[in-house]
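**Q** The two chains are supplied separately, each in an independent frame; assemble them into the complex guided by the hints.
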Amino acid sequence: MVTYIIRRLIGALLMLAVVSMVTFSIFFVVPRLAGVTATDFANRYVGRAATQETVVEVAKKLGLNDPVVVQYGRWVKGIFVGSEFDYGSGVEHCPAPCFGYSFVTKKPVWPDLLDRLPVTLSLAVGASIIWLLAGVAVGVLSALKRGSLFDRGAMIVALSGVSLPPFFTGLIALSLFSYGLRITAPGGAYTPFSENPAEWAYNLILPWLTLAFLNAAAYARLTRAGMLETMGEDYIRTARAKGLKESTVITKHGLRAALTPIVTIFGLDVGILLGGAILTENVFSLPGLGKYATGAIAAQDLPKIMGFTMLAAFFIVMANLIVDLLYAVVDPRVRLA
Amino acid sequence: MSDNFLDVKNLKVHFPTDDGLVKSVDGLSFALDRGKTLGIVGESGSGKSVTSLSVLGLHKGGRAKISGEIWLDGEELVSATPEHVRRLRGKKMAMIFQDPLSAMHPYFTVGAQIIEAYRIHNKVTKKVARKHAADLLGRVGIPQPDRRVDSYPHEFSGGMRQRAMIAMALSCDPELLIADEPTTALDVTVQAQILDLMRDLQRDFNAALIIITHDLGVVAELSDDILVMYGGKAIEYGSAEDIFERPEHPYTWGLLGSMPRLDREPTERLLPIKGSPPSLINVPAGCAFHPRCAFEGRTGGKAGTEVPELAETEGGHLVRCHLPREERRAIWANEIKPNLESA
Chain A
1 MVTYIIRRLI GALLMLAVVS MVTFSIFFVV PRLAGVTATD FANRYVGRAA TQETVVEVAK
61 KLGLNDPVVV QYGRWVKGIF VGSEFDYGSG VEHCPAPCFG YSFVTKKPVW PDLLDRLPVT
121 LSLAVGASII WLLAGVAVGV LSALKRGSLF DRGAMIVALS GVSLPPFFTG LIALSLFSYG
181 LRITAPGGAY TPFSENPAEW AYNLILPWLT LAFLNAAAYA RLTRAGMLET MGEDYIRTAR
241 AKGLKESTVI TKHGLRAALT PIVTIFGLDV GILLGGAILT ENVFSLPGLG KYATGAIAAQ
301 DLPKIMGFTM LAAFFIVMAN LIVDLLYAVV DPRVRLA
Chain B
1 MSDNFLDVKN LKVHFPTDDG LVKSVDGLSF ALDRGKTLGI VGESGSGKSV TSLSVLGLHK
61 GGRAKISGEI WLDGEELVSA TPEHVRRLRG KKMAMIFQDP LSAMHPYFTV GAQIIEAYRI
121 HNKVTKKVAR KHAADLLGRV GIPQPDRRVD SYPHEFSGGM RQRAMIAMAL SCDPELLIAD
181 EPTTALDVTV QAQILDLMRD LQRDFNAALI IITHDLGVVA ELSDDILVMY GGKAIEYGSA
241 EDIFERPEHP YTWGLLGSMP RLDREPTERL LPIKGSPPSL INVPAGCAFH PRCAFEGRTG
301 GKAGTEVPEL AETEGGHLVR CHLPREERRA IWANEIKPNL ESA
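Residue numbers (the UniProt record's numbering), protein chains in the order written: chain A, 1 to 337; chain B, 1 to 343.
Note that these hints are calculated values from the structure, not bench results. All C-beta atoms in this analysis are idealised placements derived from N, C-alpha and C, irrespective of residue type, glycine included.
For each label pair, taking beta carbons as the anchor points, the in silico distance ranges come out as:
(1) D234/A to G304/B: 37 to 43 Å
(2) T189/B to D234/A: 23 to 29 Å
(3) T248/A to K274/B: 47 to 53 Å
(4) V330/A to G62/B: 28 to 34 Å
(5) K274/B to L325/A: 54 to 60 Å
(6) P284/B to T251/A: 41 to 47 Å
(7) F150/A to H84/B: 24 to 30 Å
Under the rule of at most 20 Å between Cα atoms (straight-line distance), these lysine to aspartate or glutamate pairs were calculated in the DMTMM-like manner:
(8) K252/A to D150/B
(9) K252/A to E83/B
(10) K92/B to E246/A
Excised from the complex, chain B in its bound form (with noise of 0.2 Å):
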């Protein structure tokens, strides 16, 4: 049993192939209470997509092999039925995928698509369901919702396809959204909108919500808590203060240098963290990161041999790193953030 609304546990996710077994996630924890935001964050294959579609049971059935433990509202995932879970999905627990125009189906109506996704949970007639998709397309700000009701998603720009994506995913007041790089596809100035919505939307039905992105800016605003994870593992874990203001793993340096900035001068540079994301086959031993990082050498040679723990270092702040906490912070305070600052 977990007091949280929504409390992982542990959770592992391999998927045998034939080059061998690939651990895309590999012992995650976290927590998440009703009203509250968490932005889970990492490059590509970070696992990030893959947790949610667990949390989601959309990996049952299929080949991964999935143990731990995932609680919402006092119910265990992992062990229940696929039957159950289906009951719980888009009423309980709903998703906004990436890109709406491959996520919604071509052949049926946005109007189609929403109330199907309403009746599935509400035993209502089509034509209270027609108003209800109507009044959530209003809700997420599309014009003229009764007329659009019956657009197919290819008649909508990217923008209102993700308010429609949105919609679907509201249709049936769910208490935990998880919206999977729910910005990327979308221009930037449209990218302030959805998240300006999401926002909205979620102080109005006081859901639980998860953000998964690559992009810390996405997150800044919106998270109350920060999980950043790499190679399956979560790094670094702590309140959205912790991540921006103290950040303690030398990753989530790497993606704060790797932020574009408006109040920087356009002619710096970007810092990249150098190198490609492992492979979820062959993790590199030890630290998973340590071939990308620049003070490996620093670790007295464990970095490349030890897996090092996710530990507090202070007030719910996790992070995993063999560097001593002191020197962490020494680094972050006279290396690391006179650059962010000065740049």
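Bound conformation, chain A alone (with noise of 0.2 Å):
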């Protein structure tokens, strides 16, 4: 097992060192075979109003004429020990974790990143505790009432669910419960959970429903199909057999083996989630990672987006590798040698 784990976190680093090749080489080695040169990258540091001299000078500073390798080595080098910058006012040192300097705000990118964690952490956790208990219990119940009124009715209403993006749902709920009703926050603002937990909660509880919504439907047809098939199981008969009440062959023989394939599933869509809710963090104005990389691609700021990439990579194979370990854990037929 040990051995196992090892083995699956060499995989990891590798997997993200080939991202960061990847991301990089698209980012700043395919602007350049379209025709755009070192100076022009200097140029978004300086601003327009530099004359050329300068342009070339930051650019000479930068390192931008060099061969991509040793660029790529540079930013490698400045994410484990950090980096020197010029871009023409002066030597400016970028700690490590050091992701590149924005072009636009020209500050290190890594901070930036850390204070949009938390308010895409607590969307992304909010809302899959409730997806998750929603989905798996509507489910469930669909399952065991195969057929029946309300299997229809939530089977309809999941359909919708999976069908209806954030952009959608999420402003039918704002206009519904913020500005009809108004139950909740309008959108727009974030505080933190060690400052005021009701308030965090009042201002999160829209986009954790309509974030909700999406998952739940999809983690609601699964359960169901899980359901189903391992009730028809030889187990569960046997489990019935014995005399155990229905509930309990329900809940401890039926669901432990249907919930199997969600847990995996489920550690994938938060892992993915961590990286931004992109869509329900621009409906309701949330400054989380989504919002953040969106602006960071509207004003095509490379080091912001190449940052953003970066993490959410991390986010992703870190939840991949998590879910393989609990794979091995839930079902004990996949012990590893």
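**A** And the structure:
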């Protein structure tokens, strides 16, 4: 088991290295091929008002004329030990982990990302708990009352949940609950949990529900299908033959097996979400990673996009790792050599 | 009321489906006492498994329409509440299932599954139940039971899994034990061991045992009585001696002919029954077996029109056949038996 974990950890690190190379290529090499020069990049730092000499000088100082491999090496080195930046107004130190300087704000990217993380974390954790509980509960009830009015109704709602994007459901929810009934926050505000938990929840409840609705629907359908399959297994009949109460048969024997694939998908979904719930954050103007990323893309702020991409990749790779390890815990047949 | 420990009277289990009514069991009666063994024999789809699941009440609440009477130790089960039958399951009556790999939960240890079965009906601590589980595993011949208690089903061999399944069924000393194809999924050598084990255990526990199988060889040595089923009905029912020494139904003859035997020359062919089991929705008119019966022509045309009655021929030996008794005996003595013996 320990060797397996170490092997998977090394694999995860290699994966992140590959992701970093690919994203670096996409953002810094491909534009060159399309005719963007080193001075164009330098231009983004110094602004259009600068003279041609200044631009060339800054490009040189930032090492934008160096071979791509050297530039990539410098970027990686920055992540581990930090690096020095000089874009014309003197040398500035960017401490590790340094994901570069923003073109626009001329500030290191990493502290920005750290600032946004709690917002996305709050959104992801709250929403995922809601959708997991709601989705599984509805899925189990639907499976047990297959063909009933509840089952049909729930599956229609689930279908709409899967089909309707957050920028639709979110806006409907906002106009209904925030502007119509005035019982929820109108969006745009975020209060850290440590400052005021009640306000934190008040501001997040609508984004949570919007995001949860989308995923709960998918989980309800998955749970229902898994439950229907499991309750037809021979070992469920054995459990009944022992004289177990039907409720124990369902929760202990049925749900346990039906939930295994759910655990896998749940881990991956949360991992992806930690990299920013782009649509939901934008609809509710939450200053999380997703909103940060869309802002960076709109401003073509490459260092920000790079930093965000690496952070999101890190969460997804880690989620994969955790899910694999969890799988071995949940299903004893997947014991790893 | 009934004097027998288990008395099934005119049991019918019908499943309504979109294609029509499936009459899985259609008017079945049999009886069994403590310490005795009944073998129920038939092809796939003859209704033998459905019968056993009905006795345990595992069809209740489902789509099945069940009628008739099942008396167990003076209690009628068909009309009893599902909750009442649930309390009897596992304790008064237990079941050994066919394929122990799929019949045991893959996520729980063998010990945990036996402990669970024991603690449903006995208010004991986990520690006591664990000791009991290990004892049972040792009793059914699993080596190092204290250690194997913590193994998962997939870590056992097929034979060991079936032993563990038997241990689970025995955990609450059931008075009625139903084994549904207990050896079908096993190697031949292991089959013999499991059958020996079941015989020993039945003697020790003095339980009433029902063995359900498609293989006459399995029930040959274990059973006191044998019930041969075809198309949801009993077609021959008698003592093991009746069935093996004086069988009177052409289908039973077919089963005997298709049974491999070690005392035969290996070059000899088996004598299979032609055709395949009947559809339970459109059961053939008249005798359900007549389309496959070699002697159908000797019934004077009744085979395809009239359903034969299950009638006593001699001393509790029941046969459902249109052929006159003397003719059946003559066919067995002159045409079938010599073939089986010379072959």
